[in-house]
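J.: Chain order of the listed sequences is C and G. One point on numbering: in the UniProt record's numbering, the residue at position 413 of the first sequence is 413, and numbering is uninterrupted. One point on numbering: in the UniProt record's numbering, the residue at position 53 of the second sequence is 53, and numbering is uninterrupted.
Take every hint as true, because none was put in to throw you off.
A short, non-exhaustive set of chain G residues, derived as facing chain C with CB atoms under 8 Å: (1) Asn78; (2) Leu102; (3) Leu114.
Below are the DSSO-like pairs computed for lysine-lysine, each with C-alpha atoms no more than 27 Å apart in a straight line: (4) C/Lys523 - G/Lys75; (5) C/Lys519 - G/Lys123; (6) C/Lys523 - G/Lys121; (7) G/Lys123 - C/Lys267; (8) G/Lys120 - C/Lys519; (9) C/Lys259 - G/Lys120; (10) G/Lys121 - C/Lys519; (11) C/Lys260 - G/Lys121; (12) G/Lys120 - C/Lys533; (13) C/Lys591 - G/Lys16; (14) G/Lys88 - C/Lys519; (15) C/Lys259 - G/Lys123; (16) G/Lys132 - C/Lys519; (17) G/Lys88 - C/Lys512; (18) C/Lys260 - G/Lys123; (19) C/Lys525 - G/Lys88; (20) C/Lys519 - G/Lys190; (21) C/Lys267 - G/Lys132; (22) C/Lys519 - G/Lys75; (23) C/Lys519 - G/Lys33; (24) C/Lys259 - G/Lys121.
Derived list of chain C stretches under chain G, where covered just means 3 residues or more per stretch with a C-beta under 8 Å from a C-beta of chain G: (25) 260-274; (26) 521-529.
Rather than coming from a laboratory, the hints here were simulated on the basis of the structure. None of the values given here were measured: they were computed from a predicted structure. Idealized CB from N, CA, C, for every residue including glycine.
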Amino acid sequence: MLNKLALSGIKHRIRDYSVLFSGLMIASAIFYMFMSLATNQAFLSSNSPASATSFIFAFGIVLLAIITIVYINYANTFLLSMRQKEYGMFMMLGAKSSKISRMIFVETFAIGAISTLIGSAIGIVATKFVGQWLISALDMQVKHFSSFYAPALLWTLLFFVVIFAFSAIRNAVSLRRSKVLTLLNRDSQPVKIKRNGVIKAVQAVLGLALLAAGYYTMYFSGNNPGAIYVGIPVALVTIVGGSYFTINAFVTSVIVMLKKKTSFSQKGLNNFTLSQLSFRINDYTKILSMVSIMFALALGAITVGLGFNNQIDNVVNGQNYYDVQVTDPDQAQTKRIKSLNVSKKATYNFKTDGKAVYYRSSQFKSQPVGYSQMNMQTMAFKMKSSNDPANNSNARYELMNTRLPQYRVLDAKFVSDAQYDAINGKETTTVLVKTNSFKNNLPTIKAISKAENKRYPSLKQAGGDKYAAYTIVNGFFSGLEFMGFFLGIAFLAMLASCLMFKILSGANGDVKRYNMLYKIGTKQKVLRSTINKEIAVLFSVPAILGIIHVLIGLQLFVKILYQPYRNIEIPFAIFLVLYLGYYFLTRYLYKKIVLK
Amino acid sequence: MQKIVDVQNVEKIYGKAGEKQFKALSDVNFEVKPGEFVGIMGASGSGKTTLLNILSTLDTPTSGRVQIAGQDITKLNNNQMADFRANKIGFIFQDFNLLENLTAYENIALPLALQNVSTKKIKPAVSSIAEKLGLTEILNHYPTELSGGQKQRVAAARALVHEPSIVFGDEPTGALDSKSARALLDTLAKINRDDDVSILLVTHDPFSASYCDRILFIKDGEIGQELKKEDNSRAEFYQEILDSLGTFAE
Ligand SMILES: Nc1ncnc2c1ncn2[C@@H]1O[C@H](COP(=O)(O)OP(=O)(O)OP(=O)(O)O)[C@@H](O)[C@H]1O
Ligand SMILES: [Mg+2]
Numbered sequence: 001m002l003n004k005l006a007l008s009g010i011k012h013r014i015r016d017y018s019v020l021f022s023g024l025m026i027a028s029a030i031f032y033m034f035m036s037l038a039t040n041q042a043f044l045s046s047n048s049p050a051s052a053t054s055f056i057f058a059f060g061i062v063l064l065a066i067i068t069i070v071y072i073n074y075a076n077t078f079l080l081s082m083r084q085k086e087y088g089m090f091m092m093l094g095a096k097s098s099k100i101s102r103m104i105f106v107e108t109f110a111i112g113a114i115s116t117l118i119g120s121a122i123g124i125v126a127t128k129f130v131g132q133w134l135i136s137a138l139d140m141q142v143k144h145f146s147s148f149y150a151p152a153l154l155w156t157l158l159f160f161v162v163i164f165a166f167s168a169i170r171n172a173v174s175l176r177r178s179k180v181l182t183l184l185n186r187d188s189q190p191v192k193i194k195r196n197g198v199i200k201a202v203q204a205v206l207g208l209a210l211l212a213a214g215y216y217t218m219y220f221s222g223n224n225p226g227a228i229y230v231g232i233p234v235a236l237v238t239i240v241g242g243s244y245f246t247i248n249a250f251v252t253s254v255i256v257m258l259k260k261k262t263s264f265s266q267k268g269l270n271n272f273t274l275s276q277l278s279f280r281i282n283d284y285t286k287i288l289s290m291v292s293i294m295f296a297l298a299l300g301a302i303t304v305g306l307g308f309n310n311q312i313d314n315v316v317n318g319q320n321y322y323d324v325q326v327t328d329p330d331q332a333q334t335k336r337i338k339s340l341n342v343s344k345k346a347t348y349n350f351k352t353d354g355k356a357v358y359y360r361s362s363q364f365k366s367q368p369v370g371y372s373q374m375n376m377q378t379m380a381f382k383m384k385s386s387n388d389p390a391n392n393s394n395a396r397y398e399l400m401n402t403r404l405p406q407y408r409v410l411d412a413k414f415v416s417d418a419q420y421d422a423i424n425g426k427e428t429t430t431v432l433v434k435t436n437s438f439k440n441n442l443p444t445i446k447a448i449s450k451a452e453n454k455r456y457p458s459l460k461q462a463g464g465d466k467y468a469a470y471t472i473v474n475g476f477f478s479g480l481e482f483m484g485f486f487l488g489i490a491f492l493a494m495l496a497s498c499l500m501f502k503i504l505s506g507a508n509g510d511v512k513r514y515n516m517l518y519k520i521g522t523k524q525k526v527l528r529s530t531i532n533k534e535i536a537v538l539f540s541v542p543a544i545l546g547i548i549h550v551l552i553g554l555q556l557f558v559k560i561l562y563q564p565y566r567n568i569e570i571p572f573a574i575f576l577v578l579y580l581g582y583y584f585l586t587r588y589l590y591k592k593i594v595l596k
Numbered sequence: 001m002q003k004i005v006d007v008q009n010v011e012k013i014y015g016k017a018g019e020k021q022f023k024a025l026s027d028v029n030f031e032v033k034p035g036e037f038v039g040i041m042g043a044s045g046s047g048k049t050t051l052l053n054i055l056s057t058l059d060t061p062t063s064g065r066v067q068i069a070g071q072d073i074t075k076l077n078n079n080q081m082a083d084f085r086a087n088k089i090g091f092i093f094q095d096f097n098l099l100e101n102l103t104a105y106e107n108i109a110l111p112l113a114l115q116n117v118s119t120k121k122i123k124p125a126v127s128s129i130a131e132k133l134g135l136t137e138i139l140n141h142y143p144t145e146l147s148g149g150q151k152q153r154v155a156a157a158r159a160l161v162h163e164p165s166i167v168f169g170d171e172p173t174g175a176l177d178s179k180s181a182r183a184l185l186d187t188l189a190k191i192n193r194d195d196d197v198s199i200l201l202v203t204h205d206p207f208s209a210s211y212c213d214r215i216l217f218i219k220d221g222e223i224g225q226e227l228k229k230e231d232n233s234r235a236e237f238y239q240e241i242l243d244s245l246g247t248f249a250e
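The following block holds chain G by itself, in its conformation from the complex (with noise of 0.2 Å):
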């Protein structure tokens, strides 16, 4: 089967050559299949956001390979990068980040739009998305008319309404209270299962990282254990996450 995200062998300097250097990621290797809702954890300063824009192309990596959905992502020129963000990624950060000068609906219409995708179908694809997130009765408001927590969905929506081959979120619920988050979250594992999107999120909430079905522990800018959800029910898994956190933060 065909992997989305293959990691290998990367590794992160920052700070030029002669200046004071210092390394973020070491030896980096995973992978991620299609379908998969995967987390990332580690305390803050271990490389998750690192590890995340260099997935997502807005940075490289010192060494080392990325391939998502079969594309070596290092060897990129800048408009190769811009189109491939555009086609191939949604993005959901932790301050949202939403054109306040567009109301939802024109937000979340964006990638379609910088695509050239035409009127017509961008319509529909709207529509369809908003419903899935609840968001048909605020599409025409703006930003700053929105909770926390529709901002979200509709930075999520925006992320989704592409079709991308995987979707990452840095902290996604970082900005959110609990019941929003976990509205949040359990629309994504909702897409995640009947849409079979991937999905790549960093976070360092147990709760949040209940709902994946794979976790990567990273610690220094190594990948230092893995967690497999496998059979268990989110509340056995958000038990032995508590227990590895334990275990790996010494």
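Extracted from the complex, chain C is given alone in its bound form (with noise of 0.2 Å):
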């Protein structure tokens, strides 16, 4: 009878039961995600050149690890406070708590066992077509990368059955001690707000001393690459506990002087939404400046993977001067190099008697040669050209790279165009493109190189065009943006939803509030707009801060990336934009559960 009886409050609360389902099965998706890269051995290795990477995915365990508990917890507070109601009420009726307590141990193991058994099963789907989305997307090459991966689906199902057996043992137990009476009236249950001046100086100075010192550590690392093992976990550290002091005083001295501001906070619901704000950031320390750091880490993960991508443009366009080249072109080359976006062309002739190939002087002074000098050490490249390639042994070796293969051991003689007419030899005609820009033309480039290695099988072997320098470098940095991308967008969703659930928890004690608000005369209008800007003050928050840690971030990776700040308005908006989606999502069923 009680059983049925709980199932049909279950039924009653469909909406609140969908909402911490979908975020179970997010949590253990994204669990299940990370696992498959993470333990695949084989993935990591062949894709990361470097030895850093198993460490940092193992940290990347551990964080995950800990930021899943926390989630869980919230889920399993969120589920015990939808429950304690009815069940107090039970005992009240004179149901045994051994009984209940029982009640609310399978309960929630069913959640939990549930939710997981979904959550992996589409962390496997969603594996695979971000996965697939990722490698095509970014025209990357990752070997050994398979959405099902059997030690991976083991280690979420084991330790989700873990942490739901703790979570189901934990309510079981707080149900059994909590008095009848305190269960029926948790709801009304005071929340104090903590106004002790002195304290929160303190935590304002400790807090921003904290994230000084661990700004500090990224900058000292990322440039002394030796202190990175160390450095780390002592920024990880101070980061999260400043993070956390700074929210808890920064944010609510500012929201306790904007309700002092009675201009301000006696317009229209200013002060209720600040007042809502200022219980809500107690109440949120926690998650807010848990969420900045997962924001850090995944605008980080995201920004470093485009970095990696702005690295293989970089060697790339170090490598060979020209994008394209052409031996001898027939009517098909001739018309692919047409539909470039050519910024210059330039064709040059050469005969061999066997010894040595000749150029004709003349032509190098009429279409000066193009070759690209790569700085080992900034890794820095420059463009420059020389109309004199006989004496400039950077643009000899450019020039030997764009003949065949059988070409490339001679020596280049260039010649006055006399002595070039009289040698009797094989004449060849080499055309040579440099278009506006090597990514925008990469199909039609990549036609024309795999037209050449057809019309000269020698050049499969040797290569010597930008395209096959292309597909080496891409392959090896891919896999290395591949999991900047794929950790990102995981840490992105995981976070998001976190701060959506812990907000939606919230919504079911607003319902009253906000009708009461309604019965005395607020529009509908103002209710909307005063619960976008309490939704926007908690996603911003979190978002303001990890921006910060991510700019500071990037210190860490001065040394192994080329120019690690160049082009970051593209991750930071493509995540933006998501996170944007999470807000407006999260303010949509929020309404959807406060509105009628």
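Could you use the hints to bring the two separately framed chains together as a complex?
T.: Here you go:
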């Protein structure tokens, strides 16, 4: 009978339960996604050049585990808060507390088990699609990546089963221990706000000091790569602590200040919003600081991932000056070259007598040959050109690579037109093209390179053109880039759903408040804008802090990446758009719960 | 003389056409004059809350006409209704309905802030109503730090602070002990007398009802009987109410 009642209780709160279920499913899906990368040694070792990758991933697992535990803890509190009134009622009517605690145990565990199973399945599918999408969108070459990876699945299930077993025990014990009256009245328990100015001030100073220490550690480790193994954990601890205290002290004092300013606070619902927030912030400090860290990690991962992408461009452009090189173009190749967006084009002829190759000096006078010069220290490259390759070894090297492999070993000589005409030998024409952008012309460049390989099979082994260099470099960095993106998106989904979940779990308590405001004559429009504002603040506090973390955290990569700050607006924009999406979703769901 | 509340042929049917329907109010007619203190009594399920919800624009009648302060409230759109509630109506609920994250002061100030009254005017308004209701000492307390009676007086202050045309109460004393109930009713009666505020009170407690000038009895969605205090003392009126409750219940 009681079981039936409990089940019908679930039916009545089906919306809350679906929020709970989807939250838990997201958690296990993301955990699986991460594990499918982190436990796949073959994938890790074949896709990343850096020895630190295993370390980074091990670290990531620990981090994700902690976050997941916190997350499930919230979910569990949400569950308990939904149920305690009902279970308290049963107890008041005489149900035995042992029976009740058994029921909550079964309920918690069943919810956990079901959502983990479904979540892992979603994780497998999501890994597949996200992986495929990333691979094709970024033209990446990733080896040993499989969406279904048994050890990862096993670890995920094990991890979640253990956590839910603990949560279930905790719920059972806490119900057994609580008095019936506390259960019945928990909704109206007072939430105390502490307004101790001195402690707040100390916290604010401490928070900023910890942040400064963390930032300096990152800066230092970035410039002294040896320190990184100590630096990252230290930075993490100080920044987590710093974020916590800063949010707790700083944000509350801003709110208190605004409340004091009556010309602002006594306008419309401002005071209500501020009070909601100040109550929330106390309750939310932990999750907001966690979200700010995750936000930084996610955004950082995406930014670094894209940084590797920049690296690809950089290295490839440092290899070859010309994007395309064609020997004795036939009609098909000429047509393809025409379809390129050409910025520079050069045509050179050479003859060979078997001992050397002979170029016309005059051709270089009219069309200087371009070459790229890479500085190995700074990894920056310079584009130059020369009209006298005879006296420029860099230019000669560039030219050498434009010839077919059998001519590369021969010396290059640069002769006058008269001497050239006198040479009796086979003449070859080389057409070299630099486009306005290698990336944008990639499909045609690829087609031209493929066609050349077909026409001259010896090129297949020897390579030499930019596309061949690109394939090698791309393969090398894609793995890293892939990890960065994958982790970034996974963390983002996790952090945003954490926050969403937390906000939504407060929505139940808000129904009465908003209903009352409505009754005393607040327009729906005003109520909606209050909700928007409130949720916007809760979303933007960790976002702002997270962005600062990332901007400084990129210092960690100054020695590893070529210009880590270049083009960061792109990952930032991608990230913020996704994050905004979560904001709008939360807003929408919250209003669905609170406003009728 | 103008009427504050004018209800004509109001009917309320719950449930959509085609589904199971229930007639909660049928052909209700009555009026409230300025400064009147009117009670509505009836058994549980007789339609009191339904009637009050319609009067306060929280619900709409299926048919009929309701005018409050000269305005036909059944013709308002949602925004107009909200404005109307914010300006013309005060509410006291059975379960107080205070916002527990605002102090007593802030709770009372809320209706004024909603109308964007300037800060300078808010403070004296709140102070004066708080003084009338004996709340001056506890204005900085949060609702959880107040007793039930204090909470209800804060709710009453919130209902009165913007000087509404009429105050509606749905069993405002329902959750109070008799002493707090008496204190609240004394205050309401005093404000009704001194400030000429019209009050419409739903109750099924005869003692609360004895504070009213006039009582409407409602049964199965219809107004059956009307009782006037006239020159009776409260004790006499109380007895009269008890008597008619006895006959009315049959
Ligand atoms: N939303 C609704 N849908 C259908 N029927 C309703 C609805 N609200 C109320 N009723 C019915 O209308 C009748 C009147 O209800 P109402 O709440 O007005 O009673 P009441 O006089 O306030 O009772 P009480 O003294 O117990 O508060 C009841 O029979 C109730 O079942
Ligand atoms: Mg009622």
